[in-house]
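So the sequence lines, in the order shown, correspond to chains R and U.
Heads up: the first sequence at position 104 corresponds to 104 in our numbering, and the numbers run straight through without jumps.
Heads up: the second sequence at position 296 corresponds to 296 in our numbering, and the numbers run straight through without jumps.
Check the hints yourself; a few may be wrong.
Said to hold, decoys possible - Once the Cα atoms are required to be at most 20 Å apart in a straight line, the calculated PhoX-like pairs of lysine-lysine come out as: (1) U/K207 with R/K94; (2) U/K232 with U/K250; (3) U/K47 with R/K94.
Hints in this document: simulated from the structure, not taken from any laboratory.
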Amino acid sequence: MSGEDALARASESPLKGGDAVIGDEGPLEDVIDRAFDYRGDVTLVRRDGSEVVGYLFNRNAEAAQPFVQMFDCAGDGPFTIRYAEIRAIRFTGKDTAAGKSYEAWLRRKAEHPPAEAASEPARGA
Amino acid sequence: MSVPVSQMWAVASYVIRQRLKGRKRYPLVLMLEPLFRCNLACAGCGKIQYPPQILRKHLTVGQCLKAVDECGAPMVSIPGGEPLMYPEIGPLVEALVARKKYVYLCTNAILLKERLEEGVFRPSKYLSFSVHMDGLKEEHDDAVCREGVYDQAVEAIREALTRGFRVTTNTTLFDGASPIRMQMFFDEMMDLGVEGMMVSPGYSYSKAPDQEHFLRRQKTQELFRKMLENPKRRWKFNQSPLFLQFLMGKQDFECTPWGNPTYNIFGWQRPCYLLQEGYAETFEELIQTTRWEQYGRASGNEKCQDCMVHCGYEPTAVNHTFSSLRGLRDTVAATLTGKL
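Just chain U, with the same shape it has in the complex (with noise of 0.2 Å):
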């Protein structure tokens, strides 16, 4: 584990509150998506594809801060579309960070050099780039469509790291990854100097591009197995060591689909990041509203039986550390021993 001890604290002290009010469904992370434009097309992304007026639409930043107050969770991410091309994405950070909310902001690193540059961050404990970064330089640039990108990322989080601001990569596996090449990409990354890495296999979007190269679950867990059975102490990732163990098939969980509840230009999207099933006006709506029980692979609903992904598991995770002394025993042990 590689998050701070301030962050580690005021996550469990949140979800220790909420479960001492006895609330049966809050969110840990808000995924927040000011627009949906993007510098790349990657090939497995099912975000994107909109028309154009859609793709020049974008939140306030009003708008942005009173989804994060109605929300209420810890945690902001700002995915996309490419945040780094919001044109507030200054004034929406600084907003976010006198909050106090812990912000990872995910960029493809294209334009965070530039942006660094011109001074629009200022490094917080509560700021960290979540870099994409989907593997070793060929396989980064095979899964984001173009050349030259993994370079350009590798040298913006070198920027970053100089100036003192925490960095972290978010990776997604698809099928055919090879555990050691994704394990010399972990040694990669280490000694860049990123504070931690975030590992999830990719959600089948309906609408992606490349529609042959999603893992199943059964695939799924044996890639992570492969490749964390024996993790170096070395490696710090920045995700919940029980929400790993799920992917290698060492814990069996639920999906916590309002755990990282989704705002963008439409409302808030019903049930979960991945899925579209639908948009609430209010997060009070989404949450007393949505069918719940027509999620999660329990549920037997088709486009949730090979999902894995980490925006519906690792809630779960998190809760099971604060829900059972099991939990929390398996927690400790990993987190003290390295070992998954």
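For reference, chain R alone in the conformation it holds in the complex (with noise of 0.2 Å):
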């Protein structure tokens, strides 16, 4: 992968919803297995303008044509999309793995007794 195609890196700091990722920094293996960890949806721009915006959740840079694989905001895929056509990733949702779940019970089980404490919110429930 040429320097002139690469994506940047992400920056160091944990990745948060709406920080873009888009240049010529780094490689873009780097880029997408950032995209491919991270528990938000992203924004995949193709080289010819076009977009996808949804889930990545598989990549494969072993394969004769190394790809990635996403479901859109539909739910809709999976669209199988090859490395070569990626012109850029941004980290446009939000992280679901950053949420405060635990953090909030353990405070609401300590401001609250245990009848109150009882309705956490659940996953997609």
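Make one complex out of these two single chains by using the hints.
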């Protein structure tokens, strides 16, 4: 992957929803790895300018033609996109693994008697 | 050991057949995750942190059965997410039972009583509810971050047992667990009448909300030694005694990551139930193209160094039983004497 084709490395600080990662400073594989590890939606920009917004759940850098796979925002897919087609990836969705549910539970438990602390919101319920 | 003889025989004959065929890597338990949606958000769980459109998705029964047939494992564990929120859970279980697969439906039991009253399931020797119980009331409600769940689970267990279902428990232990309180918990579960218990240390999911309480290897061994040094005969564990000895530091095993392969809406998960390093489209592709040498403690992979979780080491323990006289002797001795 040439420098010209490559994407920028995400900053070393934790990614936050809305942080944009685009540019030409790092290898494409690094940004794809970060997108793969990210538990929120990303916006993938193709070389032709078209975009796919959704959850990037798979990547295979060892395939004959390396690719990523995504489900879009509606849950449709999987869409397979070759590395060679990718121009940029932006971390546009909220990182669902960055929640504070455990801290919130501890705080609620400390502040309220058990009976009042009974309704923890569930995931996707 | 509390596994029924028919199930023990099904597993033993399967393992012997695989060995006679010379298969180097074969699965024992398929971890089938039909959905990631859950009605709890537990502190130590890293399985459910996904955007809404992913949480809304689930596998079809057809996709599940295709995975079961591809894999061929004699046992199917259905975790998640919460499988009782899967709209097709009844037909799925029925189809698995018809295939004579031993099914462990892993549930937090919040919806269990309701599903039983709806008649979604029929009792079968092939079906066992594996109820998530992380200790006595205080510890369990703390682990699942919601008050009252322990009582709900106990009520559902009673209901399932009354209706003639097999019920086991599955317990994940974290740093700070008290050996004495855990022994009291084992007594309580036996009093309740469950068939057997499964215990395992938690895996340090990087996405779990609580990152402070995962057990390191040495602490795991200390905890399990104290907890199981003199096990009561009435405690029944639904797992290999050699795996329990491994947790106590009495056996030295290496991980068998392909032993409990995982299938979910993303495909076949590499390399194991706990790590997500990518997905394969078919089970054959998973087995053939995963770089297995990069996983397990001996590989030096940092993510594997403290892991002692059942999904990697229970298959090793089972293989050990059938691969050496010593393994068979140790298993038989532990089973007959109840000593670990």
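Each hint, compared with the structure:
1. U/K207 with R/K94: holds (14 Å)
2. U/K232 with U/K250: Holds: U/K232 and U/K250 sit about 18 Å apart, inside 20 Å.
3. U/K47 with R/K94: Satisfied, since the Cα-Cα distance of roughly 17 Å is no more than 20 Å.
Checked against the numbered hints given earlier, this structure breaks none of them.
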